[in-house]
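Asker: Just so you know, the protein sequences line up as chains A and B, in that order. Every position in the first sequence, counted from 1, becomes a number in my numbering once 36 is added. Every position in the second sequence, counted from 1, becomes a number in my numbering once 36 is added.
Each hint should be verified, as a subset may be incorrect.
Note: identical chains are not told apart, hence a pair may lie in one copy or across any two.
Claimed, not checked - Here are the simulated lysine-lysine pairs, DSS-like style, with alpha carbons at most 25 Å apart:
no. : residue 1 : residue 2
1   : K227      : K375
2   : K258      : K353
3   : K258      : K227
4   : K258      : K356
5   : K97       : K107
6   : K227      : K97
7   : K97       : K401
8   : K373      : K401
Calculated from the structure, these hints are not laboratory results.
Number of protein chains: 2
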Amino acid sequence: MNEPNQETVVSPTVLAAFVQAVFERIGCEATLAHQATQVLIAADLRGIDSHGVARLSGYVKQWEIGNLNPKPKFQILHQTPSTAVLDADRGLGLVAAQEAMRIAIDKAEQVGTGWVAVQNSGHFGIAGYHAMLALPKDMIGWAMTHASNLVAPTFSLERLLGTNPIAIAIPALQEPPFVADFATTAVAYGKLQILQRRNEPAPIGWVQDAEGNSTTDAHALKNGGALLPLGTDREHGSHKGYALAAMVDILSGVLSGANYGPWVPPFATAGITTYRTDSVGKGTGHFLGAMRIDAFRPVRDFKQDMDNWIRTFRNAKAIKGQRVIIPGEPEYEMENKRKKTGIPLLETVVQDLRNLAQKLGIDFKI
Amino acid sequence: MNEPNQETVVSPTVLAAFVQAVFERIGCEATLAHQATQVLIAADLRGIDSHGVARLSGYVKQWEIGNLNPKPKFQILHQTPSTAVLDADRGLGLVAAQEAMRIAIDKAEQVGTGWVAVQNSGHFGIAGYHAMLALPKDMIGWAMTHASNLVAPTFSLERLLGTNPIAIAIPALQEPPFVADFATTAVAYGKLQILQRRNEPAPIGWVQDAEGNSTTDAHALKNGGALLPLGTDREHGSHKGYALAAMVDILSGVLSGANYGPWVPPFATAGITTYRTDSVGKGTGHFLGAMRIDAFRPVRDFKQDMDNWIRTFRNAKAIKGQRVIIPGEPEYEMENKRKKTGIPLLETVVQDLRNLAQKLGIDFKI
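Isolated chain A (complex conformation) (with noise of 0.2 Å):
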């Protein structure tokens, strides 16, 4: 029997046919499961491997349960020449977001900017991928999303808001795109589930307990705690990353007349096992947009000065050892690199997707 921390390396391409076939075995069409499986194969290609692969089988239960319909006919409730929402009619938030994006792109390119906010759908992969979408065209890329309720606002016993992450994407010239795409967390819930699995503690300052005390223990949240919102106390600004999630939450679910705070859907992989069976919306909400550079500046211009920006923050003098990063750097080198190596995925992936290939009768020959 194979160790729970060995990985497989699985080539991008071997990967991401059977991600489309687990899509269309689930009644997607090719173009949509086409899609759905670039978001999760650029997640596990650049490094975000807790939001990739990791997670079909909880798209697969989402279909299961009946909370995913997988053949959406996505359709547009309201619009102004740069405004839009968008009903994703309980399909594939990968998929819908996606769609958001090409209206906003739309939109920016006749009047500078593009504002989406999307209701009726579900999980939506990693943010940054959608965001950027708008990177091709000379935009400027914005994506958020609220998630389920993991979160406890600053004093607050209640979990009330998602990880609710945003993801920014500006366009350089010679040097990779600025790419900003992070949980309002003091961390990802992903990084916390990694503990979990391996049964270790958490850094002070992640998770609360049930009192509202900090705590080491990692499984806290199964027991009444909550995720800790970025600042992770008032002295530190945990007030602020509150009010963070709180806009992701405010845009993605009440702009869009989605759900919102606690009344998100809770996603298959969240371990929410009670939540709130009424709600005050349409399923989860997404919020997406784009800004056209040359709406601002000549485009060759700003990118001249984002190089500008970018070698001197990467060249400023660091703390022994270390080097400053820019946003999105790591993620483009990772996605360099596994692009020619492939894709490395712990043997509990590999056995969840082999039990998903078995369910569903698809060859997956890992």
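Please build the complex by placing chain B on the supplied structure of chain A, with the hints as guidance.
Answerer: Showing chain B alone in chain A's frame:
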């Protein structure tokens, strides 16, 4: 002689008249002086004392060293239906930001949203004031600005970013609006300055020393130290606070054609004595935006959901002796109180204003 922590309570009207007189005395037209005064008095009313009249002498200092044009001609350099770049002509940021919001609101009325990048400007006061200008129009308001380089990115020994605040103002129906307005650092610089004046230590996690170690020395910035980004250290997400501050810098500086990063001109009260004298753009920059609610959803539906959002969070079960605070609520309550009872000023601030009155030959009887 008065104690430095003694407070004098001043009527907002009396204080506003004095501030207005100061701005007029340095050459501002009455209307422009009035607009600038409103921002400073709003800061004092809302309890953000570090950004109110305590900074008035800083603006005068900018004028004295020739960095402030009291009679600016604001000019739109480039625009599309949803965007504009505004040249503030070295005028007061306090006023330039209001002009930018006026343009953003106009554009939002036309095409749903409006986004204005400002260059060649100066210190704009509290970001929340400008974001809140959108509220009476049933719009969501955004305001951000970069600032004097006091902050080290994660792992950096160099100070490359400012405290770069983000504000977002979102209207509700019966509840006060949601107004988040925060520096993207672990702590606002004003709070550190209070400890400096009192010669008290800072909590670990606010500041690093010249070697990049977290220190309790509130004066560390005078000896090569730096403010830390929101998140404090890598393990607790400081790379996210750094990414947020970077985003604000790029939107305010690079997108507008202003300076950026370590080239942002220092404000008089930032205590910066060594800085780059070359430049990579024009002056200081800001980024402001307005999004019409009804470009997404009917205003009343949205506001009702906001009331429900606010009440759900406010009424959540809290840590013993605490409550869950809605962003903007403490400032809203403070404003209502101080409008009636007056603005308490520290003796050091009163003395600063008296010196200003004497220097400029203005009557100031407090």
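Asker: Decide, hint by hint, whether the structure agrees.
Answerer: Each hint, compared with the structure:
no., hint, verdict
1, K227 <-> K375, "within (23 Å within a copy, 48 Å between copies)"
2, K258 <-> K353, "between (43 Å within a copy, 18 Å between copies)"
3, K258 <-> K227, "within (16 Å within a copy, 37 Å between copies)"
4, K258 <-> K356, "between (39 Å within a copy, 21 Å between copies)"
5, K97 <-> K107, "within (16 Å within a copy, 64 Å between copies)"
6, K227 <-> K97, "within (22 Å within a copy, 49 Å between copies)"
7, K97 <-> K401, "within (22 Å within a copy, 72 Å between copies)"
8, K373 <-> K401, "within (23 Å within a copy, 70 Å between copies)"
Of the hints listed earlier, there is not a single one the structure fails to meet.
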